[in-house]
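Undergrad: Residue strings, one per chain:
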Amino acid sequence: LVGLVLSPLPRLRGLLQRCWGQLERGLLPGFSGSQSPPWGPALALQGPAFLPEPVRDSRENNEGPSLLDSIMWMAAPKKRRTIEVNRCRRRNPNKLIKVKTNIDTCPECGNLKQKHVLCGYCYAKVKAETRLIRMEMGKKEGGPFNAPTVETVVLYDGEKPTEKDEGKRIIERARKRPSWFVQN
Amino acid sequence: MRLSVAAAISHGRMYRQLGLGPRSRLDMLRNMVTALVRHERIEAPWARADEMRGYAERLIEYAKLGDTNERAMRMANFWLTEKDLIHKLFKVLAPRFQPYPGSYTRLLQIPNRDSLDRAKMAVIELKGNPYPPLIRPQRNTEKTLLNQLLKGYREDMQRAATP
Numbered sequence: 001l002v003g004l005v006l007s008p009l010p011r012l013r014g015l016l017q018r019c020w021g022q023l024e025r026g027l028l029p030g031f032s033g034s035q036s037p038p039w040g041p042a043l044a045l046q047g048p049a050f051l052p053e054p055v056r057d058s059r060e061n062n063e064g065p066s067l068l069d070s071i072m073w074m075a076a077p078k079k080r081r082t083i084e085v086n087r088c089r090r091r092n093p094n095k096l097i098k099v100k101t102n103i104d105t106c107p108e109c110g111n112l113k114q115k116h117v118l119c120g121y122c123y124a125k126v127k128a129e130t131r132l133i134r135m136e137m138g139k140k141e142g143g144p145f146n147a148p149t150v151e152t153v154v155l156y157d158g159e160k161p162t163e164k165d166e167g168k169r170i171i172e173r174a175r176k177r178p179s180w181f182v183q184n
Numbered sequence: 001m002r003l004s005v006a007a008a009i010s011h012g013r014m015y016r017q018l019g020l021g022p023r024s025r026l027d028m029l030r031n032m033v034t035a036l037v038r039h040e041r042i043e044a045p046w047a048r049a050d051e052m053r054g055y056a057e058r059l060i061e062y063a064k065l066g067d068t069n070e071r072a073m074r075m076a077n078f079w080l081t082e083k084d085l086i087h088k089l090f091k092v093l094a095p096r097f098q099p100y101p102g103s104y105t106r107l108l109q110i111p112n113r114d115s116l117d118r119a120k121m122a123v124i125e126l127k128g129n130p131y132p133p134l135i136r137p138q139r140n141t142e143k144t145l146l147n148q149l150l151k152g153y154r155e156d157m158q159r160a161a162t163p
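Residue numbers (the numbering used here), protein chains in the order written: chain E, 1 to 184; chain A, 1 to 163.
Rather than coming from a laboratory, the hints here were simulated on the basis of the structure. Here the structure is a predicted model, which is why all the values come from computation and not from measurement. Quick reminder that beta carbons are idealized off the backbone N, C-alpha and C, glycines included. Where hints are given, some of them may not hold.
[Said to hold, decoys possible] What follows is a set of in silico ranges between Cβ atoms, one per label pair, in the way DEER data are often shown:
| id | chain 1 | residue 1 | chain 2 | residue 2 | range |
| --- | --- | --- | --- | --- | --- |
| 1 | A | G102 | E | R175 | 16 to 24 Å |
| 2 | A | R113 | E | L112 | 14 to 22 Å |
| 3 | A | S115 | E | K139 | 29 to 37 Å |
| 4 | A | Q158 | E | K115 | 43 to 51 Å |
| 5 | A | A47 | E | N184 | 46 to 54 Å |
| 6 | A | H87 | E | R175 | 29 to 37 Å |
| 7 | E | G167 | A | E70 | 35 to 43 Å |
| 8 | E | Q183 | A | A7 | 23 to 31 Å |
| 9 | A | M157 | E | N184 | 25 to 33 Å |
| 10 | E | V99 | A | Y55 | 17 to 25 Å |
| 11 | E | Y156 | A | M157 | 41 to 49 Å |
| 12 | A | M157 | E | T162 | 29 to 37 Å |
| 13 | E | K139 | A | L107 | 26 to 34 Å |
| 14 | E | N184 | A | T141 | 19 to 27 Å |
[Unchecked claim] If we take Cβ atoms under 7 Å as the criterion, some of the chain E residues that face chain A in the derived model are:
| id | residue |
| --- | --- |
| 15 | L118 |
| 16 | G120 |
| 17 | Y121 |
| 18 | V126 |
| 19 | E129 |
| 20 | T130 |
| 21 | L132 |
| 22 | F145 |
| 23 | A147 |
| 24 | T149 |
| 25 | E151 |
| 26 | T152 |
| 27 | V153 |
| 28 | V154 |
| 29 | Y156 |
[Said to hold, decoys possible] When the alpha-carbon atoms are kept at most 20 Å apart in a straight line, the in silico PhoX-like pairs for lysine-lysine are as follows:
| id | chain 1 | residue 1 | chain 2 | residue 2 |
| --- | --- | --- | --- | --- |
| 30 | E | K98 | A | K120 |
| 31 | E | K139 | A | K88 |
| 32 | E | K140 | A | K88 |
| 33 | E | K164 | A | K127 |
| 34 | E | K140 | E | K115 |
| 35 | A | K64 | A | K88 |
| 36 | E | K168 | A | K120 |
| 37 | A | K120 | E | K127 |
| 38 | A | K91 | E | K100 |
This is chain E alone, in the form it adopts within the complex (with noise of 0.2 Å):
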C-alpha cells in the first residue's frame, strides 16, 4: 500500500505516453498513415529531447517489479509491540500531564487563580466598570480625538469633589460606590 502511494513516477510516465500517442494519433492522421504531411512549409520547434516511445516497452516490463522493489527499501515494523512495552511507552511520566502546584483561591471572591495570573473573576467586575466609565467619559468628550488635557476622577452617587480634584475632570457614575473601588 505505501509502495503504491509512494512511487507515482511510473504511473506519471504511462499517463504521459498514452497523451502523447492520441495526440499523434487524434491530431496528426496523416503521419499515422505514414503518408506525406497535408501541411505546408512548418515552424521548426524545439520538441522533447528524446521521445517517451522507445523506452515504453522496457519500462512496460519494469512496471510490476519496480513497486515490489519499492516495498523492499521501506520501514516497516517487524513485531508486534506487546502490551507490556506499549504501557511502558504510554505512560512513561514525560507523557503524563504535569499536576499543577500554583493554583490558589482569591481571597476576595474565593474563585480558583493561578499565583502569578489575575483572577478572572475579579477582573471581569474591573473591567464591566471601566467600560461603563469609559462610555461616560465618552458622552462628556463628545466625539472622536477629544481626549481631555486635565486629569479624571470617577464620583459615584452623594459624593462631592474635594480640595484634591481642583482642577479635574468630574466622570458621575450613578451608582452606590462598589467596595472594591477606594476612593483615593
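Mind docking chain A on chain E? Use the hints.
TA: Leaving out everything else, chain A in the frame of chain E:
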C-alpha cells in the same frame, strides 16, 4: 571568526520579532502606545504588551523634558498617531509622573484569551489612572486586637500542652 549565525540561536537579542517585519513591528507598537496613552489601561497579548512597555516608559521620560524640547516633540509626534494625545502627554502625564524616577506602567497577566488560540494575555496600565484598581492591596491584619488576642491564646495553649 564567525561569519554566519546558526539558525535557531538568538543569544543576546533584546527585541522580539512581532508582526510581518521590522516596520510592521514598529507600527504595531506605535498603535499600542497611542492606545495606552488614550485609554490608560489596555489588554493585549503578553509579548506585545511587554515589548511596548519599554517604549511607553521612554516616551514618558522624553515628555518629562518638557514640550519646548525639540527632540521630545519629535518623539511624541512620531509615537502618537492621534495628535490630540500629544497635548494629553505633555499636560497630563508628564506632571503626573514628575515626582517618580521610573516604572510608570504596570503589567499584569490575565487568564488566557477565550478564543481558539488561548493566547497569553496581559493588561498594561499607566499608574495613577482614574479607573478601579486591578489588585487590592492586602492590609496586614497581624496587629489587629482580635488577632493579637488569638495569638496569645494559641501560645498559652502550646505552653500548657508541652511543659
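Undergrad: Hints first: check each against the structure and report whether it holds.
TA: Now the hints, each set against the structure:
no.: 1; hint: G102(A) - R175(E): 16 to 24 Å; verdict: violated, 37 Å
no.: 2; hint: R113(A) - L112(E): 14 to 22 Å; verdict: holds, 18 Å
no.: 3; hint: S115(A) - K139(E): 29 to 37 Å; verdict: holds, 30 Å
no.: 4; hint: Q158(A) - K115(E): 43 to 51 Å; verdict: violated, 30 Å
no.: 5; hint: A47(A) - N184(E): 46 to 54 Å; verdict: violated, 32 Å
no.: 6; hint: H87(A) - R175(E): 29 to 37 Å; verdict: holds, 31 Å
no.: 7; hint: G167(E) - E70(A): 35 to 43 Å; verdict: violated, 28 Å
no.: 8; hint: Q183(E) - A7(A): 23 to 31 Å; verdict: violated, 56 Å
no.: 9; hint: M157(A) - N184(E): 25 to 33 Å; verdict: violated, 41 Å
no.: 10; hint: V99(E) - Y55(A): 17 to 25 Å; verdict: violated, 39 Å
no.: 11; hint: Y156(E) - M157(A): 41 to 49 Å; verdict: holds, 46 Å
no.: 12; hint: M157(A) - T162(E): 29 to 37 Å; verdict: violated, 48 Å
no.: 13; hint: K139(E) - L107(A): 26 to 34 Å; verdict: holds, 30 Å
no.: 14; hint: N184(E) - T141(A): 19 to 27 Å; verdict: holds, 20 Å
no.: 15; hint: L118; verdict: holds, 5 Å
no.: 16; hint: G120; verdict: holds, 5 Å
no.: 17; hint: Y121; verdict: violated, 10 Å
no.: 18; hint: V126; verdict: holds, 5 Å
no.: 19; hint: E129; verdict: holds, 5 Å
no.: 20; hint: T130; verdict: holds, 5 Å
no.: 21; hint: L132; verdict: violated, 11 Å
no.: 22; hint: F145; verdict: holds, 5 Å
no.: 23; hint: A147; verdict: holds, 5 Å
no.: 24; hint: T149; verdict: holds, 4 Å
no.: 25; hint: E151; verdict: holds, 6 Å
no.: 26; hint: T152; verdict: holds, 4 Å
no.: 27; hint: V153; verdict: holds, 6 Å
no.: 28; hint: V154; verdict: holds, 5 Å
no.: 29; hint: Y156; verdict: violated, 11 Å
no.: 30; hint: K98(E) - K120(A); verdict: holds, 19 Å
no.: 31; hint: K139(E) - K88(A); verdict: holds, 18 Å
no.: 32; hint: K140(E) - K88(A); verdict: holds, 16 Å
no.: 33; hint: K164(E) - K127(A); verdict: holds, 17 Å
no.: 34; hint: K140(E) - K115(E); verdict: violated, 39 Å
no.: 35; hint: K64(A) - K88(A); verdict: holds, 12 Å
no.: 36; hint: K168(E) - K120(A); verdict: violated, 36 Å
no.: 37; hint: K120(A) - K127(E); verdict: holds, 17 Å
no.: 38; hint: K91(A) - K100(E); verdict: violated, 47 Å
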